[in-house]
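Plus 605 on top of the position in the sequence shown (first one is 1) and you've got our numbering.
Derived from the structure by calculation, the hints contain no laboratory data. Treat the numbers as computed from the prediction; the structure is a model and nothing was measured. Some clues are possibly wrong.
[What the hints assert, rightly or not] Cut-off 27 Å, straight-line C-alpha distance, at most; resulting in silico cross-link-like pairs (DSSO-like, lysine-lysine):
no. : residue 1 : residue 2
1   : 650       : 627
2   : 652       : 662
3   : 654       : 633
4   : 665       : 650
5   : 650       : 662
6   : 665       : 654
7   : 662       : 636
8   : 644       : 633
9   : 669       : 652
10  : 665       : 644
11  : 654       : 669
12  : 654       : 644
[As the list claims (entries may be wrong)] Simulated DEER-style distance windows between Cβ atoms:
no. : residue 1 : residue 2 : range
13  : 652       : 629       : 54 to 62 Å
14  : 616       : 640       : 33 to 41 Å
15  : 630       : 670       : 56 to 64 Å
16  : 654       : 620       : 50 to 58 Å
17  : 673       : 639       : 45 to 53 Å
18  : 657       : 629       : 48 to 56 Å
19  : 619       : 648       : 42 to 50 Å
20  : 622       : 660       : 27 to 35 Å
21  : 667       : 644       : 53 to 61 Å
22  : 650       : 629       : 26 to 34 Å
23  : 636       : 668       : 33 to 41 Å
24  : 644       : 619       : 33 to 41 Å
25  : 614       : 641       : 38 to 46 Å
Idealized CB from N, CA, C, for every residue including glycine.
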Amino acid sequence: MNIKRVILGLIVILLIILGITKIMGMLKESKEVSTTYMKEAIGLKTKAKGLVEQSEKQVKEREKVLDEE
Numbered sequence: 606m607n608i609k610r611v612i613l614g615l616i617v618i619l620l621i622i623l624g625i626t627k628i629m630g631m632l633k634e635s636k637e638v639s640t641t642y643m644k645e646a647i648g649l650k651t652k653a654k655g656l657v658e659q660s661e662k663q664v665k666e667r668e669k670v671l672d673e674e
């Protein structure tokens, strides 16, 4: 009977360790996804800012051409 308790205890401990390992893996994956999302969001913001600046330059150039005519 004592051996059964030891074996049962070991099984419970192994299940707990496996559960913790799985949770840690999920957290790591979640962190990687959120980091990638943030990098992409920052990249899009930078790209949008560049497009706005380019658009402003084009508008100024067109205004300049119209003023010269």
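Self-check item: Hints the structure fails to honour
Solution: 1, 3, 7, 10, 13, 18, 20, 21 and 23
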